[in-house]
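K.L.:
Protein sequences appear in the order of chains A and B. Quick note on numbering: the first sequence equals residues 129 to 502 in my numbering. Quick note on numbering: the second sequence equals residues 129 to 502 in my numbering.
Please keep in mind that the hints were generated in silico from the structure rather than gathered at the bench. Note that the coordinates shown come from a computational prediction; the quantities given were computed from them, not determined experimentally. Fair warning: there could be bad hints in the mix.
One copy or any two copies: either way a pair holds, since identical chains are not told apart in the list.
[What the hints assert, rightly or not] Derived BS3-like pairs: lysine-lysine, alpha-carbon spacing no greater than 27 Å straight-line:
(1) LYS466 / LYS451
(2) LYS176 / LYS466
(3) LYS239 / LYS176
(4) LYS451 / LYS176
(5) LYS239 / LYS448
(6) LYS448 / LYS205
Number of protein chains: 2
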Amino acid sequence: MASTSLPPLSSPSAGTSTVQIDLGDRRYDILIGEGLLQQADTFQGLPKSSKALIVTNTTVGPLYTAQLRAAIAPFHKDVLDVELPDGEQFKDWATLNLIFTRLLEEAADRKTVLYALGGGVVGDMTGFAAACYMRGVPFVQVPTTLLAQVDSSVGGKTAINHPAGKNMIGAFYQPQRVICDLVTLDTLPQRELLAGLAEVIKYGPIADLAFLDWLEANMDRLLARDRTALKLAIQRSCEIKAWVVGQDEKEAGLRAILNYGHTFGHAIEAGLGYGEWLHGEAVGTGMVMAADLSARLGLIDAGTAQRITALIARTGLPTKGPKLGAERYLELMQVDKKAEGGEIRFVVIGPLGRATMQGAPEQMVRDVIAAHTA
Amino acid sequence: MASTSLPPLSSPSAGTSTVQIDLGDRRYDILIGEGLLQQADTFQGLPKSSKALIVTNTTVGPLYTAQLRAAIAPFHKDVLDVELPDGEQFKDWATLNLIFTRLLEEAADRKTVLYALGGGVVGDMTGFAAACYMRGVPFVQVPTTLLAQVDSSVGGKTAINHPAGKNMIGAFYQPQRVICDLVTLDTLPQRELLAGLAEVIKYGPIADLAFLDWLEANMDRLLARDRTALKLAIQRSCEIKAWVVGQDEKEAGLRAILNYGHTFGHAIEAGLGYGEWLHGEAVGTGMVMAADLSARLGLIDAGTAQRITALIARTGLPTKGPKLGAERYLELMQVDKKAEGGEIRFVVIGPLGRATMQGAPEQMVRDVIAAHTA
């Protein structure tokens with residue numbers, strides 16, 4: 129169990145940083161540093177096994193599989209790999225089954241270690257495959273996108289999508305370690321960087337005003353990929369996530385605040401068809417909507433909602449959702465995992481730096497949708 | 129954690145018996161009795177929810193869904209049901225997805241309770257669906273076959289099959305309660321009764337000589353469906369399973385003994401195509417093979433192996449496996465979940481009443497296969 133007070137925002141530091149996720153006997157470390165994929169001791173102390181499987185995608189695989197293979201070779205007799213098609217639209221059963229089939233073709237046993245090398249989709253699918261293969265094998269997260277480094281690789285949420293809803297089929301299943309190599313961000317397309325920044329920005333309004341201030345002061349450095357700034361942003365995001373997850377691993381309550389912007393965001397993703405918008409883009413717009421909803425509910429003033437919106441806009445992320453129609457938004461949000469007894473529940477901000485979950489009058493939600501779609 | 133000594137074999141008793149699975153905060157009861165589906169208090173104290181889903185199959189549904197629906201109506205606003213096709217050959221992703229789709233169509237939230245009404249296939253699939261839907265919802269086992277009542281509904285192993293191996297994709301996920309209504313066995317085809325007896329017989333050689341003696345003395349009563357005898361057999365099977373699972377929930381070691389006969393048995397099922405032989409039939413023949421292997425390894429004498437074989441033969445279960453060829457058996461057994469680093473490991477008996485897991489010389493395994501296939 130994590131302590132209940134969040135450690136203060138630290139100053140930028142050189143070298144590798146470690147953030148610990150404290151879940152008792154499933155405690156693990158997040159390593160954040162430069163060139164971790166090339167350092168021999170990055171993978172020390174992890175489970176060894178006869179076979180290992182690197183799961184990656186057709187974009188990331190050609191860039192980093194060879195490097196990862198070399199780094200983990202001392203710990204496994206055979207290092208296999210499988211390349212999945214790249215994109216949220218492939219986060220489904222058919223693609224997941226490529227992992228199972230590869231493992232079974234190779235008669236991989238239940239000590240086999242899986243390595244997730246890629247972004248959020250690869251991490252979510254590899255984690256879910258690890259949770260299910262022979263009812264559970266160990267896995268290691270090697271996130272190569274900003275979004276995965278600051279959010280999806282940390283905390284053990286794994287899942288695939290169902291045509292009727294995002295991340296509807298999955299498991300809480302913790303990795304053995306999370307390895308965030310800042311160097312891998314060099315190859316990240318700018319659109320993906322911005323999508324990751326949406327999840328970084330999220331942590332300010334829900335939990336940390338000092339971090340929100342810092343983000344406003346340092347957004348230009350982040351957009352220019354200043355490595356020191358990126359490292360601090362990743363570390364702080366992981367610290368906040370670790371603090372939340374350590375208190376509520378399975379989202380009985382508090383953890384839901386990490387879904388700020390996600391209720392509207394998931395509706396955008398599912399409504400347009402997965403892969404049309406990036407997850408982080410949808411979350412960015414979802415945060416704008418949820419900030420407005422918070423203001424309409426009287427939890428923050430209009431200026432504060434505007435402050436959140438302005439920061440998102442500054443990154444270049446979209447701040448207007450697609451015109452799916454209010455009916456379709458409502459229908460899609462009704463299957464959100466936070467809904468209960470048919471009532472949609474939103475993560476709202478108020479006061480700034482604190483988040484809660486609550487319902488809202490339907491007409492108010494319709495007004496929010498109308499005001500932020502184009 | 130269960131105590132490490134198995135309670136002694138009890139005498140037959142009237143009324144409902146309770147066996148507790150002791151897994152700390154995931155402790156739950158197995159109820160064994162007559163007419164439990166019609167007693168109001170059978171379902172007391174379970175999680176309540178707005179929606180509930182009864183998962184059953186096209187054979188069992190028409191017999192018992194209405195009864196179960198009436199019994200749980202006080203605890204849920206809407207009781208939905210879904211009927212899966214009946215048979216091991218449908219224990220796959222496509223069928224599992226029928227459950228997810230039904231839940232999502234109804235916007236079932238993450239408090240929704242699933243009820244597994246049927247045999248082992250329904251229980252395994254419902255449990256796995258419950259483990260994965262929104263990363264976990266509660267479920268209740270209502271096993272209606274002998275095999276499910278004595279084995280598969282107890283202990284939290286859930287799974288679906290992959291064409292390359294049985295139960296390869298699944299989760300350890302415990303039910304909230306297991307409800308074994310003896311009356312449901314009245315509608316069980318004789319072939320299914322025998323398949324269930326295979327799993328009952330299993331518990332003697334691996335853990336309980338007194339129970340083995342009792343089974344030999346009472347087999348005629350069991351075959352004639354004497355309800356008192358069946359109740360004692362179910363209770364004792366559940367007691368032994370609870371004792372094993374309480375010590376080793378996730379099969380780090382001891383729990384593997386419950387797979388006596390299953391290494392050969394799974395190869396028979398996968399080799400013929402799922403659904404050709406019933407699971408219990410394959411396990412029956414698998415136990416004959418594993419008894420012979422135990423004797424060839426010098427762990428028991430030939431007479432003891434013969435004693436196990438004779439008891440299985442007396443039920444009418446097959447004692448010879450299909451002629452798939454030794455190569456095919458070996459290939460299929462290599463993906464068994466107990467295999468490690470390519471070595472097949474077998475649950476063997478020795479001395480009688482105790483089981484261990486070990487490898488065996490390949491030629492010896494070939495000889496066993498040759499001796500027991502026809």
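K.L.:
Have a look at LYS466 and LYS451 and pick one of within, between, both or neither, based on CA distance no larger than 27 Å.
P.N.:
within (23 Å within a copy, 53 Å between copies)
K.L.:
Using 27 Å as the alpha carbon limit, work out where LYS239 and LYS448 are close: within a copy, between copies, both or neither.
P.N.:
Result: close neither inside a copy nor across copies, 47 Å intra and 33 Å inter.
K.L.:
Is the C-alpha distance from LYS239 to LYS176 at most 27 Å within one copy, between copies, in both cases, or in neither?
P.N.:
within (8 Å within a copy, 38 Å between copies)
K.L.:
Since the copies are identical, ignore which copy is meant and state whether LYS176 and LYS466 lie within 27 Å (CA to CA) inside a copy, between copies, both or neither.
P.N.:
between (38 Å within a copy, 17 Å between copies)
K.L.:
Within, between, both or neither: how does the pair LYS451, LYS176 come out at a Cα-Cα threshold of 27 Å?
P.N.:
Answer is neither; intra-copy 50 Å and inter-copy 38 Å both fail.
K.L.:
Under a CA distance limit of 27 Å, which applies to LYS448 and LYS205: within one copy, between copies, both, or neither?
P.N.:
neither (51 Å within a copy, 38 Å between copies)
Of the hints listed earlier, those the structure fails to meet are numbers 4, 5 and 6, in rising order.
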